Amino acid sequence: MTYLPKPKLHHPALPKNALGLTHRDYEGAISTLCAGCGHDSISAAIIQACFELDIEPHRIAKLSGIGCSSKTPTYFLGTAHGFNSVHGRMPSVLTGANLANRDLIYLGVSGDGDSASIGLGQFAHCIRRGVDMVYIVENNGVYGLTKGQFSATADKGSKSKKGVVNPDSPIDLVALALLLGATYVGRSFSGDKAQLVPLIKGALRHKGAAFLDVISPCVTFNNHKGSTKSFDFVREHNDAVNRLDIILPQKPITAEYEPGEVIEVPQHDGTILRLLKLEADYDPTDRVAAMDYLFEHRARGEIVTGLLYVEPHSTDLHDELGTVATPLNRLGEAELCPGAAALAKVNAAHR
Amino acid sequence: MSEIGELDVAGRGTDAPVAGMPPTDIADPAYFHKVVDCQWACPAHTPVPEYIRLIAAGRYADAYMVNWWSNVFPGILGRTCDRPCEPACRRARVEREPVAICRLKRVAADYKDDIRDRLPRPATAKNGFRVALVGAGPASLTVARDLLPLGYHCVLFDQDVRAGGMIRTQIPRFRLPEEVIDEEVGYILGLEPELRLGRRVESLKALLDEGFDAVFVGTGAPKGRDLEVPGRREAAAHVHIGMEWLAAVSFGHVKSIAERVVVLGGGNTAMDCCRTARRLGGKEVTVAVRSAFAEMKASPWEIEDALSEDIPILDHLVPLEFLHEGGKLTGVRFRKVRTERDAQGRRSLVPTGEPDLVIRCDVVLVAIGQEAAFPWIERDIGVAFDRHGLPVVDPVTFRSTHPKVFFGGDAAFGPKNIITAVAHGHEAAISIDLVLRGLDPLRRPPPEVRLTSQKMGLHEWAYDNEVSLEARRRVPHLPRSRALASLSAEVELGFNPEQAWHEAERCLNCDVQTVFTRELCIECDACVDICPMDCITFTVNGPEAELRGRLKAPARNLDQPLYVSAPLATGRVMVKDEDVCLHCGLCAERCPTGAWDMQKFLLETARAGCR
Ligand SMILES: Cc1cc2nc3c(=O)[nH]c(=O)nc-3n(C[C@H](O)[C@H](O)[C@H](O)COP(=O)(O)OP(=O)(O)OC[C@H]3O[C@@H](n4cnc5c(N)ncnc54)[C@H](O)[C@@H]3O)c2cc1C
Ligand SMILES: Cc1ncc(C[n+]2csc(CCOP(=O)(O)OP(=O)(O)O)c2C)c(N)n1
Ligand code: SF4
Ligand code: SF4
Ligand code: SF4
Ligand SMILES: [Mg+2]
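Order-wise, the sequence lines are chains A and B. When you line the first sequence up against our numbering, it's residues 9 to 359, in that order. When you line the second sequence up against our numbering, it's residues 90 to 700, in that order.
Don't read these hints as lab results, they were simulated from the structure. It is possible that some hints are incorrect.
Label-pair ranges, simulated between beta-carbon atoms [to be verified]:
(1) LYS123(B) - HIS321(A): 15 to 25 Å
(2) GLU555(B) - ASN25(A): 26 to 36 Å
(3) PRO320(A) - ARG185(B): 47 to 57 Å
Treat the numbers as computed from the prediction; the structure is a model and nothing was measured. Glycine residues also receive a C-beta, built at the ideal position from the N, C-alpha and C atoms.
Construct the entire structure; sequences and hints are all you get.
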């Protein structure tokens, strides 16, 4: 199956961002995924988010593992840095890259198989270390690339395309991320860009480990009746707790709300995350309450979406380690190899 | 594919009423017709993309026949048409320049093989009705072509000895070779109308008294306007009406012209006059226009060709006087003006106050307009005329106030062009046929419409859906020195097949429609994400003006419709702005359920004889 590449022509009235780019300039190669795959919509949402935030594509590093979802970085931001790693190993490659050069914006793209099965350990440690990144799991409940076996996020009792019932309990990556100390946690749906694009924008602006679980129907293997990751099921059971609006520093606030209707969470760089409450009592800055809410609603069969938790004054791995601010590739030989005397000093400290 | 086919998609959507635009009725032929910008703009509604695809496939004769049925004179029009289709072409909105539609039409005519066995034959059985066609220009010839095969006995009258009208007498041979006229007029004469040529019709009453069941008046707008300023009479021998002069050149009565020529006027007739003068010995030929250069009526390409033949065009000059000495013209005096606009945007020419300009010359050609004239139609036989001397004609049926008398071409509503004359001819032929069959000519037969899926495989379509990024190609021209040396050497050489193929590939196939089936749509957004032009939006419905403002890309071109579906499962609707769709089919390629399909919309206007 080959698709025609998208023609270079674009709408004559296409808006441009502060860099003079249109959203078309953020595209990548033509997708080879199945027609209708939710993952392609997430790619489109990432494109839109980067466009709206005026991010220069070469400031982004896209990292992924293996799977249909992990293939998608090829299909967006064609001029960004990219590393398609080994199955389940994206988090450690990302961590290493981030430690070496903290000037880039790290975008990890993974699947539910890639992160919740083979890569679960990597996922957990990367989150708990607070690596400054956006970690997106494109969650379809199956191993799409290997033809639709249940993944570890498939709900107990959900049915495969052939009618087989899944006997195992699911891993809820949002719950895990909350437990492990992620400082920005959201869930969304590939079929709802109005919700998804702001969530990605907020994550890109957040310092620390930002995790997004995006339900992304696999049209080929997991979009039938009996699946809990189908377009219809997700639409029917979607319980959005809030709507996010990103207010960049020095940008005027346009929409006005009644007091009590919104929660504003400032970020380290002056960005304000403005949350319109859809669920009156939901407080996204209270980690424990968020977990309670999540468990309660999951027990009722609801899929809780929105910005579920955010820490206003978050820190990251570099803060904890006290590493040098300059990327290693810009340090000179003298700084990188301070010589025998410096080594002797380090060794002495361990005696 | 089969796996996807198992998706549970039947019967989706909701019928809960939502305020906003009603679902688009794609069963109305006008809806998709309007999307085919060129065909919609063509007065004869030629299925343009259909013949362009045939040209791309090298099927020139087939392409020619598609044209022939619609516009009767593909070879003539492929060189001379006013091409209203080109400014309408979508390519200009999404790239830069329209497809060279007109010159592709010529390619079909130039490279076809013998098509004579595809033409209708003269009717073997006559139906007993006799129809008089006055004037043998494109309008009458079209009526003849449409009625003769049906068994009507058509009698073609013209004062000239050869049929063709102004195509023959006005348009210079360096734009339109004689053989092309002979060939295409010949196809119609081959249907065996009765010819009464070389004799002017002097009385419509006499014609009606001859017992014709219907009379079609296609006498054109033959009267060139004169310029009554001081010196006109004294210099009469050196001041010619442009149209009369061109006809005289065409008939071979005029073979040369003096060296210094001034042409007055800024329309196409002026352009033909000045270029003809250059070929007959005019060395210093100047065109003087009253208004601004930018407002000249002549087609841009005619102006370009005149300029490239070293003919200066001077604007904002109002002719005041013909200067003469002893019966000889010595020049023209002009007042210099400029254009001013009032608050309503109305234009007026005001003197600049500079001294008058005198252009020295030996001859003046006056090409400042033309009009219809009907001295041969009696005013008391039931054919009503309006204040301007034009007949009162129904714009749909082309019938005059006299039940047996029809008008078309330049005679009906004043001077236009060949393709309009052809379109009038088709409609008048339908009316004459309906009336003589005892039917109401206001009840027009509908066009024939076919909608055919182009799907051949998963990503395979019956048309070439890849969008060419090539720029418009220029038609090769004869070198200027050779062009100016001859009155009949055709200036434009036409595309060769390879150039034609590239140009044909630029066509976006706007007739291959995006057809949406909401019952199949699972609202996955794949089409929205892939569409290179941001045409598609899924959103809540709303009033059109408001909806246009909140689509994925604003839909500001109000000439182009929005395609709106009935409500989907989520209660939203699909809205597609037709304006800049490339008809690339990517939406349909990406749709997992086949909710989008690419379907070829072929519309053929009704012809006389249709039931
Ligand atoms: C110089 C010039 C250049 C042009 N160039 C173009 C061009 O490039 N492209 C284009 O599309 N259009 C062009 N036109 C316009 C085009 O020629 C006309 O719009 C078109 O020919 C009109 O067709 P018709 O059938 O209405 O009448 P015409 O073509 O005018 O034919 C009318 C015929 O009726 C005959 N006739 C008139 N009165 C009588 C009578 N009483 N008895 C018998 N016969 C009579 C005339 O002799 C003539 O043959 C041009 C016009 C001029 C003047
Ligand atoms: C080490 C290793 N083990 C197993 C595989 C086979 N494999 C390829 S993709 C995949 C699962 C991908 O699932 P997921 O991450 O959910 O991606 P999806 O295709 O569903 O988007 C597996 C098991 C592999 N490529 N490498
Ligand atoms: S197999 Fe499923 S996950 Fe993979 S591309 Fe196809 S629809 Fe997407
Ligand atoms: S054919 Fe479909 S994908 Fe292509 S431009 Fe038109 S709407 Fe967009
Ligand atoms: S691709 Fe478009 S038309 Fe097809 S199912 Fe998805 S949203 Fe509907
Ligand atoms: Mg998966």
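Comparing the hints with the structure gives:
For the pair LYS123(B) and HIS321(A), the supplied restraint of 15 to 25 Å is violated, since their beta-carbon distance comes to about 58 Å. In this structure the hint that GLU555(B) and ASN25(A) lie 26 to 36 Å apart at CB holds, the actual value being about 29 Å. Restraint check, PRO320(A) to ARG185(B): a C-beta distance of roughly 51 Å satisfies the suggested window 47 to 57 Å.
The structure shown violates just one earlier hint, number 1.
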